[in-house]
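Sequence lines, in order, name chains A and B.
If you count the first sequence from 1, position 83 lands on 83 in the numbering used here, and the numbers rise without skipping.
If you count the second sequence from 1, you need to add 182 to reach the numbering used here.
No wet-lab data here; the hints were simulated from the structure.
Check before you lean on any hint, since a few could be wrong.
[Unchecked claim] Lysine to aspartate or glutamate pairs mimicking DMTMM-like chemistry, simulated, CA-CA at most 25 Å apart:
(1) A:Lys132 x B:Glu280
(2) B:Lys349 x A:Glu31
(3) B:Lys284 x A:Glu35
(4) B:Lys350 x A:Glu42
(5) A:Lys37 x A:Asp137
[To be verified] Have a look at the derived ranges for each label pair, beta carbon to beta carbon:
(6) B:Glu212 x A:Glu43: 32 to 42 Å
(7) A:Ile145 x B:Met183: 44 to 54 Å
(8) B:Lys281 x A:Leu171: 21 to 31 Å
Even glycine gets a Cβ: it sits at the ideal position worked out from N, Cα and C.
Spelled out, the chains give:
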Amino acid sequence: MKILLSLFLTFAKIGAFTFGGGYAMLALMKEELVERKKWCTEEELLDYFALSQCTPGVIAVNCATFVGRQVKGILGGAFATIGVITPSFCIILLIASFLKNFADYPITQHIFGGIRVIVAVLVVNAVIKMGKSAVKDKICLAVAIISCVLSFIFNLSPIWFVLAGAALGLLTKREKKGGDAA
Amino acid sequence: MIYLQLFFEFFKTGLFAIGGGLATIPFLNEIAVRTGWFTPEFLGDMIAVAESTPGPIGVNVATYAGFTTAGFFGALLATFGLVLPSYIIILIVGTMLEKFRKNPIVDKAFYGIRPAVVGMIASVALGLIGSALANVDFSSVKEFFLGIDWRCAVMFVAFLFATNKWKKLHPIVFIVIAGALGALLKL
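Working from the sequences, and respecting the hints, build out all of it.
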């Protein structure tokens with residue numbers, strides 16, 4: 001029971017402070033799930049993230065289900081999922097009831113002008129940190145750079161990148177597991 | 183039966199929108215045109231609201247649309263409908279992943295997938311920097327440098343330094359500080 005409550009609260013915290021969609025959430029998830037709670041490793045989180053982009057639904061919700069399920073099965077998945085959507089559900093209800101022009105208030109726009117900056121910083125930090133664990137050799141580095149450039153220039157679905165990455169991973173001959181530390 | 187209809191429409195969206203919250207928008211647009219629950223223009227407002235509140239955009243839009251169409255229970259059912267398909271699918275995928283993670287083929291595939299995902303996130307980071315510093319899509323370098331708000335640029339560098347210097351501080355602390363600074367500086 002305690003672990004279920006902890007799942008709910010942790011994901012509610014993540015949901016309450018995620019601005020700008022699923023990618024921004026990754027930075028917070030890494031902090032909470034990998035560094036603090038140690039519910040999954042950085043690599044597992046990246047795998048969940050990759051799969052969340054190729055499966056239907058909202059990325060953040062998919063990640064929450066993945067992690068919750070790993071920690072405490074079906075119920076864990078449910079508590080994490082409900083946790084991650086509860087804050088936005090409540091906030092949107094408030095806005096829809098009382099503050100219909102919420103997004104047009106100058107103060108809202110100023111606050112979000114500031115938040116956009118920190119979100120960019122947090123995502124940059126996450127990229128650097130996750131890059132270190134995902135990029136194990138020159139081939140990985142090339143894959144990362146090519147995928148960055150391609151997805152920046154072309155508006156392609158993430159599915160193609162995940163499929164191409166998987167194909168490359170399967171085709172590449174790499175040295176035995178010992179290289180993992182590098 | 184508006185509740186069932188709301189549930190069903192958002193269930194469909196949750197089942198077929200692959201690639202995150204923004205992928206739900208074409209589906210929502212189609213719902214708007216077909217059911218008349220809300221207008222496509224209203225959808226634009228909803229996206230603005232969803233973008234300036236925390237949480238996944240898809241969930242925000244479902245809650246908002248459900249509430250304006252059929253009140254609290256409408257919001258509940260629309261949100262529930264949106265989330266349910268992915269919940270079930272992820273439970274299945276997660277179980278399979280656990281079983282096959284040690285499999286050398288799966289391991290090799292993820293060896294290639296991980297850097298590809300990092301690359302994609304890096305490109306999102308570039309876009310976020312563009313909209314945070316210059317309010318542009320980063321489509322042209324010249325436009326970016328002309329449009330740069332130097333206060334934001336200074337904040338960006340300062341936060342980049344601060345978040346790496348005081349790693350123990352929770353990111354939420356920095357988010358609150360950044361929001362307060364935004365209000366003070368009228369960014």
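Going through the hints against the structure:
Note on A:Lys132 and B:Glu280: the hinted pairing holds, with a Cα-Cα distance of about 24 Å set against a maximum of 25 Å. A distance of roughly 10 Å separates the Cα atoms of B:Lys349 and A:Glu31; the hinted pair therefore holds under the 25 Å criterion. Distance restraint check for B:Lys284 and A:Glu35: the Cα-Cα separation of roughly 24 Å lies within the 25 Å cut-off, and the hinted pair is therefore satisfied. Between B:Lys350 and A:Glu42 the CA atoms are separated by roughly 18 Å; this keeps the pair inside 25 Å, and the hint holds.
For the given pair, A:Lys37 sits about 29 Å from A:Asp137 by alpha-carbon distance, which is inconsistent with the 25 Å threshold. Between B:Glu212 and A:Glu43, the C-beta spacing of about 38 Å keeps the proposed range 32 to 42 Å intact. A hinted range of 44 to 54 Å for the beta carbons of A:Ile145 and B:Met183 is consistent with their spacing of about 53 Å. A hinted range of 21 to 31 Å holds for the C-beta pair B:Lys281 and A:Leu171, which are about 24 Å apart.
Hint compliance for this structure: hint 5 is the single one not met.
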